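Asker: Sequence:
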Amino acid sequence: MQVEPQAPELTTQDFVAMMHASRMCVLIHDAATKNILWANPAACEMLEWSVTELRPLKANDMSSSAQQYDRVLGRAWLQEAAERGFNRVEWHYRSRSGRVIPTDAVAVRVELSQGPALMVQFRDIEREQAVERQLRLTTSWVDALAHYTSTAAFMLDAAGVVRFATDTATALIGAEAAEPLGKVTDYGRLRLDGRVRTWEEVHRRATPATTVQLEIPGGANGEPVWLEGSLENLGTGDASLMILHDVSERIQGQVRRERELHQENYLARYTAMGDMAMAIAHELGQPLAAAGNFLAGARADAQATAPRVVYGIDNAVRQVERAATIVGSVRAFVGHLEQVEQVADLNDIVGECLYFVRLRAEPAGVEVLADLGETPVEVRCERVLTGQVVLNLCFNAIDEMAAGDPSRRHLRITTSATGDAGVVTVDDEGRGLGHDPFARTFTSKEHGSGIGLALSYRIITRQHGTMWAEPSPAGGSRFGFSLPFAAG
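Per our numbering, the sequence shown runs over residues 219 to 706.
One should not assume that every hint holds.
Claimed, not checked - List of simulated lysine to aspartate or glutamate pairs, EDC-like, C-alpha gap at most 16 Å:
id : residue 1 : residue 2
1  : LYS401    : ASP375
2  : LYS401    : GLU419
3  : LYS276    : ASP288
4  : LYS252    : GLU301
If you are wondering where the hints come from, they were derived from the structure by calculation, not from laboratory data.
Since this is a predicted model, take the numbers as computed values, not measurements.
Build out the structure end to end from the sequences listed, making use of the hints.
Answerer: Here it is, written out as structure tokens:
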């Protein structure tokens, strides 16, 4: 049987050698008198005294002069260690050169051959305290940034998940501060160069930084919230910083200005169309009248000899008369020179529009029903522009129903007096309202030159009226507007 060799026992000299090699400072105090009995080299080096010089020193000779390090307090914490066997304290020693050294000091009662003693082990924590102060300062800065700045700041990982957000950022994206945050694209759409982009596309552009926009839908007034700023790659490979500012007012102002410019351009186009209609009506009147006269003479000559020619001439005369009627209607409709303060009857305006509405409705198989008030509905308005609004609503309704069920093609135009305003409504049997009809400046139809709902809305509201859209009882859409009554 093989016997394992026993490890040699450590001698007293071995323990002394280890104590001398330790970088932990050690002082040995007599448990009763608190006098210094011994110090290891690390303690002598820190305090700048030899063991012989340390032995006669008292607490006030080698401790900070601050009140909390008074000799009485020093003896008290050593005494507590002697009684309990252990005590720990932050103690500020003072070296021979006067340097005050903050330390973490641990006093342990030990039983020596000559009697009980206290072994005090301590280490310099000045650098640790400096780091701790810097961390506290940094933490206070981060706390101020997170809770009090108006800047929206996000820390994101490589996948675009928000790992940290300031209070302002959390509020803007509509997230709860106490809940885990998801991907930044869960809250809105990222944009680069005016185009919607994925997180991966934006992240690749951050080399090391790029400008970026975040569009967050559903703001307080229904308008999207627009944030603009920069995305910066922090160089760690998996962390990015996004600093954004709320620019919603600026973006929405740009959108409003563009919309107004489009509407003004379209109004100019409408005015030019009116001028062209007047010019065409004026120029066509005389040739149509002459053509009618020539046909009448030809009919008289051919009546006895060529019945089929007479039949053709009669049909040509009817078409010329129809064309003359159309030209006359155009001139009557466009040829007014109204003022804003003109008083007009909504029944008359709708009546003047019915010819054109039925002309547009007949090829589409749409039946036009007019339910006009029994008494005049007199309002203050621009007669031609208001009539153009009626035409626009009716033409849109006809185009909507033309693509649907042939059995559901009924257009109803109604005038009425409600409260202190005159009202016009246009009901169709189309597909209904799929979106806000006034959010688009121009029609989405491939063909057509109507002035558009946005311009119609502007015409009505400029005359102190209101315009709306709602589901129709017939299952389609109802568009309507009201204008204030003329003063009696």
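Asker: Are the hints correct? Go through all of them and say.
Answerer: Outcome of the hint check:
For the suggested pair LYS401 and ASP375, the alpha carbons sit about 9 Å apart, so the restraint of at most 16 Å is met. A hinted pair counts as satisfied when its Cα atoms are at most 16 Å apart, and LYS401 with GLU419 qualifies at roughly 14 Å. As the CA atoms of LYS276 and ASP288 are separated by approximately 11 Å, the hinted pair is consistent with the 16 Å bound. A C-alpha spacing of about 13 Å is found between LYS252 and GLU301, which places the hinted pair at or below 16 Å, so the restraint holds.
Consistency with the previously given hints is maintained throughout, with no hint failing.
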